[in-house]
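Visitor: Whenever a hint applies, use it, and build me the whole structure from the sequences.
One-letter residues, chain by chain:
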Amino acid sequence: MRVPCAFVVNGMPVEVEIEPGARLLDVLRGPLALVGTKEGCGNGECGACTVLVDTRPVNACLFPALEADGADVVTIEGLAAANGTLSPVQQAFVDRGSIQCGFCSPGMIVSVTALLRKSPDPTDSEIRDALVGNLCRCTGYVQIVEAVHQAAAQMQKSDSR
Amino acid sequence: MSARHVGTDTVRPDAFEKAVGRATYIHDLTRPGMLYGKIKFADHAHARILSIDTTRAAKLPGVRAVITAYDTPEIRVGFLRDNFALKRDKVRQHRDEVAAVAAIDPDIAAEAIDLIHVEYELLPAVFSPAAALADGAVLVHDVDPSGRPRTNNRVPVPTRHESGDLLAAERASKWVVEGTFSTPIIQQACMGTAGCIAEIDPSGNLTMWAKTQIPFLAQKDFIRALEQMGLRDRNARVIVPALGGGFGTGLDTHCYEYIAILLAHRTGRPVKILYTREEEFAYLSPRQSATTHITQGLDGEGKLTFRRLEVTQDNGAYTSWGATYPTVMLLPATSLYRVPAVKFDSTLVYTNNTYCQAMRGYGNPEVAWAIESNLDELAAAAGMDPYEVRVRNKNVAGESTPMGLHITTCGFGDCLDAAATKLGWNEKRGKQRNRRRGVGMAGLMHVGGSGRIYKADGGGVILKLDDFGNVNVSYGGVEMGQGLHSALQLTVSDALGVRPDKVFINPTDTGTCPWDVGTHASRGAFIGCNAAIRASAKVRSKLFALAAGLYPGEVQRNLEKLRKEKSDVPAFVVPSVCDPAAFDLRESEMFLRDAPEHAAFRIELGRMLRAIHFRGTEGTLLVEEAYYEPKSELPDWSKGVGNMSATYAFGAQSVEVEVDVGTGEVTILGVVSAHDVGKILNPQTLKGQIYGALAQGIGFALYEEVKTVAGRVVNPSFTDYKIPTIAEMNFPIHLEFVETHDPEGPFGAKGIGEPGMVPTAPAIANAIWDAIGVRIRELPITREKIIAALAEKQKRES
Amino acid sequence: MSNFQYHRPTSLSEAFRIHGDVPDARFVAGGTDVLSHVRDRSLRPPALISLRRVRELDGIRVTADGATNIGGLTRVADLTSHAALAARLPALVQAARRLGSVQIRNVATVGGNLCNASPCADLAPPLLVYDARVRIEGPRAARELPLEEFFVGNRMTRLDPTEVLVAVVIDAPHAGTVSRFDKIVRVRMDIALTSSAVLLRVESGRIAHAGIAMGSVGPRPMRLRGVESFLVGRAADETTAREAGVIASAEVTPIDDVRATAAYRRHAAAVLVERAVRDLAGGAA
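Each protein sequence line maps, in turn, to chains A, B and C. Here the first sequence is numbered in this note's numbering, starting from 1 and rising by one per residue. Here the second sequence is numbered in this note's numbering, starting from 162 and rising by one per residue. Here the third sequence is numbered in this note's numbering, starting from 960 and rising by one per residue.
For the record, the hints were derived by calculation from the structure and aren't laboratory data. Check the hints yourself; a few may be wrong.
Below 25 Å or equal to it, Euclidean Cα-Cα: the simulated DMTMM-like pairs (lysine to aspartate or glutamate) are [as the list claims (entries may be wrong)]: (1) B:Lys-335 <-> B:Asp-170; (2) B:Lys-868 <-> C:Asp-992; (3) B:Lys-220 <-> A:Glu-19; (4) B:Lys-592 <-> B:Glu-538; (5) B:Lys-792 <-> B:Glu-750; (6) B:Lys-946 <-> C:Asp-1216; (7) B:Lys-583 <-> A:Asp-124; (8) B:Lys-954 <-> B:Glu-758; (9) B:Lys-868 <-> C:Glu-1202; (10) B:Lys-954 <-> C:Asp-1215; (11) B:Lys-868 <-> C:Asp-1216; (12) B:Lys-583 <-> A:Glu-146; (13) B:Lys-946 <-> B:Glu-819; (14) B:Lys-954 <-> C:Asp-999; (15) B:Lys-699 <-> B:Glu-748; (16) A:Lys-157 <-> B:Asp-170; (17) A:Lys-118 <-> C:Asp-1037; (18) B:Lys-727 <-> B:Glu-748; (19) B:Lys-868 <-> C:Asp-1215; (20) B:Lys-699 <-> B:Glu-750; (21) B:Lys-946 <-> C:Asp-1215; (22) B:Lys-625 <-> B:Glu-786.
Covered stretches of chain C, as calculated for chain A (at least 3 residues, CB under 8 Å) [to be verified]: (23) 964–971; (24) 1061–1075; (25) 1177–1183.
Glycine is no exception: its CB is placed at the ideal position from the N, C-alpha and C atoms.
Guide: Here it is as structure tokens:
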């Protein structure tokens, strides 16, 4: 028996009818057609499904959709500006070659976005702690760390203007 | 042809869509009316199928088909044809597919799978080559693919080599060291799991959206499958969406793909099968394990005298590309360093374990593990610096190896030197034992110009120019994250003379792209870019010939416009018909080479193409193709001889480690990775390949292992199959790229996808030996093995 | 799953009322563990009762007597970001920082970690050495018991299906107490192969009080009372530390599993205890 679930996603209020046991990941990729968020393991291990719920990064594959009722959800699709300009994090990933197959990238970029909002000039150690739950098999992570520093510098520059 | 864009750090053309979550993977694709397929796996290692009851599953609302081998045509799978899409009579491994369901959603399909009941009679099973070769061992296959009775579990894929006088060489050796080394089953662990969509049209033609690296060989396999299903003379079209990684998982066709085809045929609707992460770990073909017995000898001058290798591999229950690892093992076996006498033998044995397929490096890392570890042991026996031994025996340009490999360009020496100097070898080697720190290194050689393993090793490119100066590139290789599209874009930009933003790489589709054997052997850019260079030359030639009569008119119009504007009109007489050889095309502008540097004489490519196209009955389009076959030989595998690549890649890695002798933890303090790349095509994609391969090499060395108990995978999740996280790659990495400008490579470039993970494990093991004096010969080097080795060392010394 | 329900009460009494109507319903905190079992059909409860909106269960506060009261629904992430907690209960915050990943910590709860009662539960060893008590409420009664008695066996606790773990209570450690948490893992994000929490109070160069607890070395997180009795009264030095390790190694009851062997866990137990005792004693002396 389906039940209603209402929340805000990427700034837009949505209301869907869902199975009570549905995961937030299923609701995002299914009725909301936001397929940027990926399922890499379904078990909270790989972070490919990372989204922000009330500013906190969580694994959407383990998050009951009904727990998002009334919450503010942000996915990869909500990071670029309305006119299509990439966010500083997205731009840094593009500039530094931090994306190869791209499957981990949405979750990784969302995690980095959350990190920089909390810690605008993170140390290497803080970066690694923040991203340990985002697995990548292609890049070896080095250029991802570079992108985080580039985005941090870019964001501090814009803030100071 | 100058390299203006090739060699510069350039954003990849596929980066944007991936950064905003718009790249479309198999996971994101749907087709109208699509059903979801799920497979029932045997979950027994060896058993006779007594009955399969699908009645309850078929009745579940939402289920549209339930199939088994007993109600579908037999489809044989694999290059030895010893596998079947669905199994009948008996199952030979835990992951055998015994039934499948198509339903309107994946949850219903999964529920239906639970409702299928299979009765088995368990059979004795064999889980190691030794057990499978023992007298009286149960046969995994009772008959061979032609139906003849089998008498043993050996797989008939002979790969061997013998050259030089081994006995004499052994006698001439001052030091001889032998050892047995092993590597486990590991998994490619792509972040995007395996899957496909099969759709058959009313005429019986198949379209497959596939997570494949071999679209054309897959097309061949699928056409054969259609034939076995009674659909003769039909087409199969393979379309490759964005891939969530490859690493070898897409080098074969899989039972799940044929099952999707059978379900599509049965239901008349498209069927999608997608593996969950657990299914990926438990039921997709991983990387073959290997045990290598090696003996090497050194003479009084530190020169290698001989090398003997016996490799045994657990083939698992069926045969896929894992069985052909010995063909690539021949490379390092016969040709890593200069060895005058070599003997290589390989044994492959059927067991009831999982069968295996390709993974990055394809046998080279397994053998490098043995050779490079053993070489250090040999150096220690001789009291020589292992770096020095490597330098004394390094390959040099201009030589031919026992396998018949022609070493053309070779930057091995520079790579070894960089590995030593940039890590501080002389300051550190043998000098940090009190801190439990050590340094180690290992060298590599790999194919750099593809690897010929099939009757053709080429690939074609079509360049289609349009009325706006856009260049659409069709190549049959696949972008799986390695940066192939970037390499093609930069190559076409420079070879043709257009701006990179005017170059578009088409999706890989057997319906539109020319044939390519597959994206493996680090060959994507080497083959694709070489074909693109040749096609570009054809375009330029045709363009200039056609423009010869049209260019003057275009320039005249420009000059008239200038006169009307009362601007300065440059003095130059444009010939009424130009010599095609006098033209150039650069950054999408055509011009006569001896015309003045003025905008009036530069005609934008799109304008030129429109002039060529819209000439009434003379209109012509510019679409050119080129098919490139590298200069190499298909080796005689039974002799292990043949120059299988157009050029060879060399490299070396050195590692500094610190070992915690209490917990057994190995911490990497620094790495140098030095590679002869021929020519850097794009620094950021090249670095990405090396860093990524290094991470996989570290995983192979320290963390990764598919664990099985009686053939069942017991760690089918990231919870217990550990790949490096960002925290493990927490050390300085120095990259050194040696450009040897290979004459066969596009702009001189060699393939580079695989080499980065070949020497990592032995470099780490050699560093551990320097740090704490223990030699680990079985991967992965876990904490337990370190502790056990230290305890044994203490016992021996007391 | 057609009649499956997911309830989100906003008070404990509402939660108990719902449970009274659907007796086979399960309480969930973060819901992560239970939901994945419901999806793969290994668990088939008719309903889940999520406690996430029960505000009274969430929060960290210090009571008048100086005890720390951590609501059962407090997220692990909130332990790591709490300003004063790291100074008051360092081993607990160290363990919280090493639990899973940022994403997991934003959803996992203190109560959930304890009620799952995995022998590897990261928060258990520090809470054990801090002599934590758990407060449990049912529809009709409330009770309190030491955490050590709460764990009964592998994934088994004294919690009745009608009850909820509402809070974990930790009395303020004595002045001069030092403590730390260590975890041996394969890669950085991992379930503990072996974990330890060590708590010492050193007075005049002698160990006055010791608390040792370990995870992943037995069916439940365990206090090593044998090591503790050995330590009390001993000089806070190298020799004591080493012997403590040896005793720990004999006291633990690990098994072989897919992650590590029993032999390694015994070895690791000795190393962790010896190092922690040595470093804490050295610091406290």
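Visitor: Which hints, by number, does the structure contradict?
Guide: 1, 5, 8, 9, 14, 18, 25
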